Amino acid sequence: MNFDDDYDDYEYDGYDESGEYTMPEAVRSFLLYFRRALVEGNMYEINALYENTFSSLSKKYFRNREWPPVEAVVELVGSDEVFLMFYSEIYYRHIYANLTPTLEQRFASYEAYCKLFDHLLGVGSPEELPLGVHEIPPAWIWDMVDEFIYQYQSFCQFRHKTRNLSAEDVAALSDHPEMWSVTNVLAKLYGFVAKSNVEEVLKVERANPDLVISGDEPGMTFGSTNLYKMLGYFSMVGLLRLHTLLGDYRLALQSIAAIDITDKRAYYTLVTACHISLFYYLGFGYMMMRRYVDAIGSWSTALNYITRTKQFHTRSYQYDSILKMNEQMYTFLAATISLSPRRIDESLQQTLRDKHADRMTRMQNGDVKAFEEAFSRACPKFINPAVPDFGDLDAEAGKYGSAFQAQLSLFLRDVRAQFSVPRVRSYLKLYTSMATDKLAGFLSIDEAEFRTLLMCYKHKTCNLIHEEESMAPLDGTIASSSDVTFYLERDMVTIADTKVARRYCDYFIRHVKRFSDIMRKK
Amino acid sequence: MSTSVAELLKPASRFDVNSLPAMEKIVREHVASGEYNVELNLAVLKLYQFNPQLYQFNPQATNEEIISLVLAKAMMALPAPDFQLALYLIPEAALTDMHRSLVDLANLLDTAKFRAFWDAFGSSPAEDLLGSIAGFGDAIRGFAASVVSSTFQLIDLSELADLLFLDQAAAAAYAEKAGWAVDSDNATVSIPLNEFNQAKAKEIKEDIRFEQIAQL
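Residue numbers (the numbering used here), protein chains in the order written: chain G, 1 to 522; chain V, 1001 to 1216.
A portion of the hints provided could be inaccurate.
Stated by the list, open to error - Cut-off 25 Å, straight-line C-alpha distance, at most; resulting in silico cross-link-like pairs (SDA-like, lysine to any residue):
| id | chain 1 | residue 1 | chain 2 | residue 2 |
| --- | --- | --- | --- | --- |
| 1 | G | Lys115 | V | Phe1050 |
| 2 | G | Lys438 | V | Ala1187 |
| 3 | V | Lys1113 | G | Tyr504 |
| 4 | G | Lys195 | V | Leu1009 |
| 5 | G | Lys115 | V | Ala1187 |
| 6 | V | Lys1202 | G | Pro341 |
| 7 | G | Lys369 | V | Leu1020 |
| 8 | V | Lys1202 | G | Thr477 |
| 9 | G | Lys195 | V | Asn1107 |
| 10 | V | Lys1010 | G | Gly124 |
| 11 | V | Lys1202 | G | Tyr504 |
| 12 | G | Lys59 | G | Leu99 |
| 13 | V | Lys1200 | G | Leu430 |
| 14 | G | Lys203 | V | Lys1202 |
| 15 | V | Lys1010 | G | Glu199 |
What the hints contain is simulated information worked out from the structure, not anything from laboratory work.
Here the structure is a predicted model, which means the values were calculated and not measured.
Excised from the complex, chain G in its bound form (with noise of 0.2 Å):
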């Protein structure tokens, strides 16, 4: 089938006088054939039609325009309730993607998700949904879940906008608090994940891993297949940003308490745009709970592999936002480093310093804006999720934004109370023992204070950190996070630093790299 008939001097107008809507040939015949996928294709031509077909279509014909609506598909195709819900799905995602969607449509989308979450939600087994939509591809699904949440923030931010809405735009609003509620939102998210009843589904596969779980076992009738357990486990990693976007960053970790982090082959690495979200929202729920250890240990894990993995990505269609998040890691790298320093890989290191050593630097001397700076280029889009006082506008048009201030400031006042840390390093760096009303001296501060400092030190080092495997992220050890260590015997501090044996593995790779670089190149 070929969907590539140039059609660029096609008179395209939508409907005509007689109200048909027209529509172009290459379209016609990828509904039709996308809708026949879904009923009984197989993964391999849904992938190909969701990630390639709709795309260059959408390149083609539908750059500043919507794709055609629901009624003119169902002219199309037929009155297939299923299709036409996935349909919609894709139909707005557009318009959020490409135009700017407007109130009616931002309804009209959270209707059209519903309509399709709970159907499936709703069905009595598997086998009521057609053949085709069971191989649906991770990559969709994980969008479909994703795109929820993004549509659900970007309502909230639309809605506490106080002061651009139209009057219609605020009556509208104030008539459905019911749009986008963040309790209909959440439900939709723990209904998958109980449907699926996946926390049990990567139980038992954890524990056999060759075992393929049947439907007949007791509560596997839904995890047992694919879509199920995807849409569970997708909707896993949704909560982790849905609570973190909330400022609820404990409930945020415990979302993915079943999923194995350190596993290689988990789920989450099926999609690259998940695997990069799990691992940005996972470090940036670490750091607001203070566990800088883990927060650069996620990140790391999560820049290594896109480096890894670069030359795969450069013709995906979420190309744009991997390099987005990959730019906000290291962002946050730079600010834990100097908050809690310690080694990194060679390579990232060598990309701090190539990127961000001017940052960094502000950022050891203690300069709170360039903390600032950092959190608000690298930040999720935080959200209020309370429905906004419409009566009283005046009051509500200060508020927008102030999920973002708010968070901010919290951060920033952990940055203040977490400064002496590196400071007070750096000088017990240089010795091994020494009275602490020298030290003082040094700090020119008085011995009480600098004291203080010590155990501040002390406090500020022993955290929770992920130490096993099998741990779930929220769990861990309480351990010393510093590579300094030292006592206090009365008035006399004993320091021992940590030597660091030179590497030259990374060394060695990177250059064994380079040079193939170089010869490819030639």
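Please arrange chain V on chain G, whose structure you already have, making use of the hints.
For chain V alone, coordinates are given in the frame of chain G:
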């Protein structure tokens, strides 16, 4: 018959505003009994976050006091980051003077300024509230003692007494109870070695993992 905490924390009731009375009741019970459940306390704050019209800005609402209790309990949970986690969920506009004085006290603890904490505590508007919470003083002392034990091998009894806000006799008794040795002159306390109060030079050698080379 009260609903169990586990039941309340299931997704179906956790985000349901109708669960609030039951949750708030448990928060109060825990304040009296000395129990603590950070998840439940944060779940209460989250419901306030979802429903500000009903709660936060309503002067008749009881949530001002509940927020104070949640913050106080979180302070007692140090060194866990619970206090910070609670603040993430409270919009700044909802913080009252009482809450702010709790934040100030928590800041002092969080930077190990124990002497300053006890000074401020005595004159804080939050003193009565904190005093009414079962085990408050013990919890804060326990935190201070844990920081002391990871910093010191040997400490003057007078300094320990200051940090714990006890007189010297009580501080000596506290130390004995913790398994620390008070010397015969009652001048110094020696703290047994633990993972944190030692200076051990670590050496990091290069480990080459297979995955590192596998990419070549």
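Consistency of the hints with the structure:
1. The hinted pair formed by lysine 115(G) and phenylalanine 1050(V) meets the criterion: a straight-line CA distance of about 24 Å does not exceed 25 Å.
2. Between the alpha carbons of lysine 438(G) and alanine 1187(V) the distance comes to roughly 23 Å, so the proposed pair stays at or under 25 Å and holds.
3. About 43 Å separates the Cα atoms of lysine 1113(V) and tyrosine 504(G), which puts this hinted pair outside 25 Å; it is violated.
4. Of the supplied pair hints, the one linking lysine 195(G) and leucine 1009(V) holds, its CA atoms being roughly 18 Å apart against a limit of 25 Å.
5. Simply put, lysine 115(G) and alanine 1187(V) have alpha-carbon atoms about 74 Å apart, too far for the 25 Å limit, and the pair is violated.
6. Straight-line distance between C-alpha atoms of lysine 1202(V) and proline 341(G) comes to about 16 Å, which keeps the hinted pair within the 25 Å bound.
7. Restraint check: the Cα-Cα separation between lysine 369(G) and leucine 1020(V) comes to about 39 Å, which exceeds 25 Å; the hinted pair is violated.
8. Among the hinted pairs, lysine 1202(V) with threonine 477(G) is consistent with the structure: their alpha-carbon atoms are about 19 Å apart, no more than 25 Å.
9. Between the alpha carbons of lysine 195(G) and asparagine 1107(V) the distance comes to roughly 44 Å, so the proposed pair goes past 25 Å and is violated.
10. Proposed proximity of lysine 1010(V) and glycine 124(G) is supported: the alpha carbons are some 23 Å apart, at most 25 Å.
11. With a C-alpha separation of about 19 Å, the suggested pairing of lysine 1202(V) with tyrosine 504(G) holds against the 25 Å cut-off.
12. With a C-alpha separation of about 13 Å, the suggested pair lysine 59(G) and leucine 99(G) falls inside the 25 Å cut-off, and the hint holds.
13. Among the hinted pairs, lysine 1200(V) with leucine 430(G) is consistent with the structure: their alpha-carbon atoms are about 15 Å apart, no more than 25 Å.
14. Of the pairs offered as hints, the one joining lysine 203(G) and lysine 1202(V) is violated, with about 37 Å between alpha carbons and a cut-off of 25 Å exceeded.
15. This hinted pair checks out: lysine 1010(V) and glutamate 199(G) have alpha carbons roughly 14 Å apart, not beyond 25 Å.
Of the numbered hints listed earlier, those contradicted by the structure are 3, 5, 7, 9 and 14.
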